[in-house]
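Novice: Here are the chains, one letter per residue:
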Amino acid sequence: MHFSFNYSLLLQTLPNAIIDTLIMTVSSAILAVIIGLPIAVVLYSTARGSLMPNVIINRCLSAIVDAVRAIPFIILAFYLLPVTRSVVGSGTGIKSVIFILTISAIPFYARMAEMSFRNIDEGLIEAIRAMGASRFQIICNVIIPESLASLVTGVTVMVIAIISATSLAGYLGGGGLGDMAIRFGYQRYIPEVMTMVIIVLVALNIAVQWCGDRMANKLNHSNR
Amino acid sequence: MADPAIPIYQLKNVSRRFLQTTAVDGLSLDIKSGEILGIIGRSGAGKSTLIRCLNGLEQIDSGELYFEGTNVSHLAETQWAPYRQRIGMIFQHFNLLSSKRILENIALPLKLAGVAKEIRRQRALDLIELVGLSGKERHYPAELSGGQKQRVGIARALAASPKVLLSDEATSALDPETTQSILELLADINKRLNITIVLITHEMEVVQAIADRVVVLNKGKIVEEGEVKDIFASPQDDTTIAMLRLVTPQLPTAIVKQLKPQGDEAVIELNIAGQEARQPFLSQLEHDIGLVPRILHGGIETIQGEPVGRFFLALDSHDKPRLDKAVAWLTQKGRYCEVLGFVNNDSSQ
Chain A
11 MHFSFNYSLL
21 LQTLPNAIID
31 TLIMTVSSAI
41 LAVIIGLPIA
51 VVLYSTARGS
61 LMPNVIINRC
71 LSAIVDAVRA
81 IPFIILAFYL
91 LPVTRSVVGS
101 GTGIKSVIFI
111 LTISAIPFYA
121 RMAEMSFRNI
131 DEGLIEAIRA
141 MGASRFQIIC
151 NVIIPESLAS
161 LVTGVTVMVI
171 AIISATSLAG
181 YLGGGGLGDM
191 AIRFGYQRYI
201 PEVMTMVIIV
211 LVALNIAVQW
221 CGDRMANKLN
231 HSNR
Chain B
8 MADPAIPIYQ
18 LKNVSRRFLQ
28 TTAVDGLSLD
38 IKSGEILGII
48 GRSGAGKSTL
58 IRCLNGLEQI
68 DSGELYFEGT
78 NVSHLAETQW
88 APYRQRIGMI
98 FQHFNLLSSK
108 RILENIALPL
118 KLAGVAKEIR
128 RQRALDLIEL
138 VGLSGKERHY
148 PAELSGGQKQ
158 RVGIARALAA
168 SPKVLLSDEA
178 TSALDPETTQ
188 SILELLADIN
198 KRLNITIVLI
208 THEMEVVQAI
218 ADRVVVLNKG
228 KIVEEGEVKD
238 IFASPQDDTT
248 IAMLRLVTPQ
258 LPTAIVKQLK
268 PQGDEAVIEL
278 NIAGQEARQP
288 FLSQLEHDIG
298 LVPRILHGGI
308 ETIQGEPVGR
318 FFLALDSHDK
328 PRLDKAVAWL
338 TQKGRYCEVL
348 GFVNNDSSQ
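Same order as they appear, the protein sequences are chains A and B. Residues are numbered in our numbering as their position in the first sequence, beginning at 1, plus a constant of 10. Residues are numbered in our numbering as their position in the second sequence, beginning at 1, plus a constant of 7.
Excised from the complex, chain A in its bound form (with noise of 0.2 Å):
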């Protein structure tokens, strides 16, 4: 019956598809943070009346930060198709899918972590020049160690922002839960496939969400 050829269809497609959300979310994030991270500590260090002013990196590294950021994920991923095809190798699949994400999220995670290292007290980082530290001493003992639990909620938020950006991922041929329930819930009209779905993220959200709330109390001892 129309309700036992879901069943089959889901115990088949479902699996994969969760497995495939979850190589694009994870790949493009470790990419994203490896990458964004270094340009964060650049922004926040050129930036006026910090570590290394240099007023022309800063605006510079700035504008493409924030063009990038501008643009709508599915926007950036047809733009950037061609560019997409000779990295890659191809304009679809899972591949180019994570090269888009990670392009999209590289500038969404630099501004968190430019903010979580503008939060660090001010006080902190007179305190450190005055023992004699280096710019570089200044950066790998204070800043990065004081903001880690805010950049670990900083990964969180942006895990949770490219899970919902995978959705798109299959008009792109990635796959995913996105493209399943897209295909099959949407286009072939099988509401059941996208219920089952929206609860798949629902709970893998949930399951982000606690698991980052859990690391970043972890790391953060500036409460009894």
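Sample of chain A residues with no beta-carbon within 12 Å of chain B, all distances over it, derived:
id: 1; residue: Gln22
id: 2; residue: Asn26
id: 3; residue: Ile40
id: 4; residue: Val52
id: 5; residue: Arg79
id: 6; residue: Gly103
id: 7; residue: Ile104
id: 8; residue: Thr163
id: 9; residue: Ser177
id: 10; residue: Gly195
id: 11; residue: Met204
id: 12; residue: Leu211
id: 13; residue: Val218
id: 14; residue: Cys221
Rough simulated footprint, nothing fancy, chain A against chain B, three-plus residues with beta-carbon under 8 Å:
id: 15; segment: 84-91
id: 16; segment: 114-127
No wet-lab data here; the hints were simulated from the structure. Yeah, the Cβ is synthetic: ideal placement off N, Cα and C, and Gly gets one too.
For this one, chain A is given, so just place chain B on it according to the hints.
Specialist: Showing chain B alone in chain A's frame:
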């Protein structure tokens, strides 16, 4: 405990400007090695800027600054590092790394200087004991009280065995009792390790408690300077007098209200210090002049081991020549003497 050799700091006509305001204005000062120097002034007087010029956290715009005989007036940030390792600093809000344990916080200056892990760990443990925090090595700053955090700050500032300790309002955020124990610790460090201490504060009590010399700042300039006991005994400048008002005896307002240009008794303000203050001068006044002084208010404090006294006395004024002789006698014995006014017998306390 001042060593008469080269001053550890020499400031010659130092100025620091911000946009429209001049925070430090052509200031010249020598800081003697081994002394505890208090720099006092109201908010905005330039004290924070001045102390930050001493370790390069603030650049000086003009003038010359010498540290241990070396001209450090125009050093770039990176060139300050070797000097900063000889200068420790403690702050009003402690500025400890919340993500690191106490032991790591204290060892940080040594870590930055490249000292090996085991050596700096041992040094940090020694310092924890010095400041009285044994047992707290593995705690985080958030688990400590304000006074304990400042002790950690002091231990950290001492880690690289500096020659100078700069204190930026280090006790301003602490309650009076904790302030007292921190000041005692600083005085102890100064004596035992012969470390020069420069402390800036807006509280005269701090200066009174441990400083050898005091410099009074107003609008970026030095308005008064000298040994603490002298400044307390006979302040000259209005700013100094105003700041001392809170910590020295003042004539009770009830009596101030009753002061008249003429009356039965003269109300006299007397500042007396040193050898004269050790004498029973009230009895001597009675013996020499024949007038019996009544104490209205006041007392003697011990500052730097010397008695510093401030009294408000009432003397019978019916015999004018005798009163004049008494005032002259007191003026000669004390640092300062003034007839403030007269009160009538029935109204004074």
